[in-house]
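A.B. asks: Listed below, chain by chain, are the residues.
2 protein chains.
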Amino acid sequence: MVNKLTTEEKILQAAEQEFIEKGLAGARMQQIADTAGINKALLHYYYRSKDKLFEIVFKTAIQNFLIPKLIKILNSNNNLEDKIKQFVYQYIAVIQGNMHIPNFILYELSINPMRIQNVFKEVNIDIEKFKEQLKQEISNKNIIEISAEELIINIISMCVFPFVAKPIITAVFYNNIEDYEKLIENRKTSVSNFIINAIKLK
Amino acid sequence: MVNKLTTEEKILQAAEQEFIEKGLAGARMQQIADTAGINKALLHYYYRSKDKLFEIVFKTAIQNFLIPKLIKILNSNNNLEDKIKQFVYQYIAVIQGNMHIPNFILYELSINPMRIQNVFKEVNIDIEKFKEQLKQEISNKNIIEISAEELIINIISMCVFPFVAKPIITAVFYNNIEDYEKLIENRKTSVSNFIINAIKLK
DNA sequence: GTCTATAAGGTGATAGAC
DNA sequence: GTCTATCACCTTATAGAC
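Line by line, the protein sequences are chains A and B. Positions 1381 to 1582 (this note's numbering) are the ones given, in order, by the first sequence. Positions 1381 to 1582 (this note's numbering) are the ones given, in order, by the second sequence.
You may find that some hints are simply not true.
Identical copies carry no separate label here, and so any pair may be met within one copy or between two of them.
[Said to hold, decoys possible] Calculated pairs, EDC-like style, for lysine to aspartate or glutamate (alpha carbon to alpha carbon, straight line, at most 20 Å):
id, residue 1, residue 2
1, 1568, 1525
2, 1562, 1530
3, 1515, 1525
4, 1562, 1525
5, 1511, 1559
Derived by calculation from the structure, the hints in this document are not laboratory data.
Generate coordinates for the entire structure from the input sequences, incorporating the hints supplied.
C.D. replies: The following block contains the structure:
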């Protein structure tokens, strides 16, 4: 198979892989060059410094993982149950295809929380419509009293954490990858059932 | 105030701080020496190498955070509701006093998942009693059908994730630390209510 | 645009005096 | 046990030829 990517793109792909695997401090420019099949000097020719290269990789990662489909689902015209089901299914499915990204983002943010400012200047997260819907359901006595923020945090916690804690979960509960993968697959639906039951008013 | 710690202990404290703050790859032996108020050569005199020192810090961190009070609570003689309430409250309170440890553990395990083997060889996590209790509650039609593993994962997800994602939560929802801290404080009780409602059979 | 060679500074680790 | 001095290596980054 012929590689049709430009040098610039090859570098970016290699950098993504290296940074996500080793983190900013652990990543090596030499390794990125090797993976991209080029020479170390070219990295600097295209991206000036390790930090600049990292920032591009990081920004892309965080934008893909926090913003896109999720807000759309929350602000759609569906009923609350369907939203939760869609949100959970989509989110887990996306992370399933990029297992190591959450840890990467969360860790680099914990090392340097200021990084998040660079991302959120350009993005605005509007959950007003979802908030309205939730208020309505609460005043209709359909669900328990809960803030949109707290509900979203609970949902995302249950979606993301099992990926972040993969080595622990595997070691403590299963000792084999297959059962872990079954767990994740199962959670695409079980988590939404859990949440829907949690907010239902009895 | 006089420092009564031995040199060995001072090094360990300084190492803990540096490794948790910067990770293995980002930590610097020079910084550890400075914080401990001693000289770089002494680090090697007491702990031979950076890796040896890291392993001790890491092992201590993970043992304090996964095993101790938690299993005791799960296998106590309390009823299920009280167990969940205690577990959530205790767990969040413990992490509150060591905010950066979960991220540290989860990240270093994601970089090198083999590390977990060194810890779990020496510890056995027995949740049989809790499993029995859960089965009983299910067959009594008191709660929904759910495995102990999945319930525990959901609980821990909601306890731990808000700490791991602190910079994101603060930036997206609040933009100030005070509201974030209120959220955490509030979750000591709100999370257990959420979970108890989630497993209740209607 | 791409390469080789090399600079410039840092890093973990050790030797050896006290 | 604790220090200073230093080694050997690695890492980012740049200079300069092609």
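A.B. asks: So which hints don't hold here, by number, going up?
C.D. replies: none
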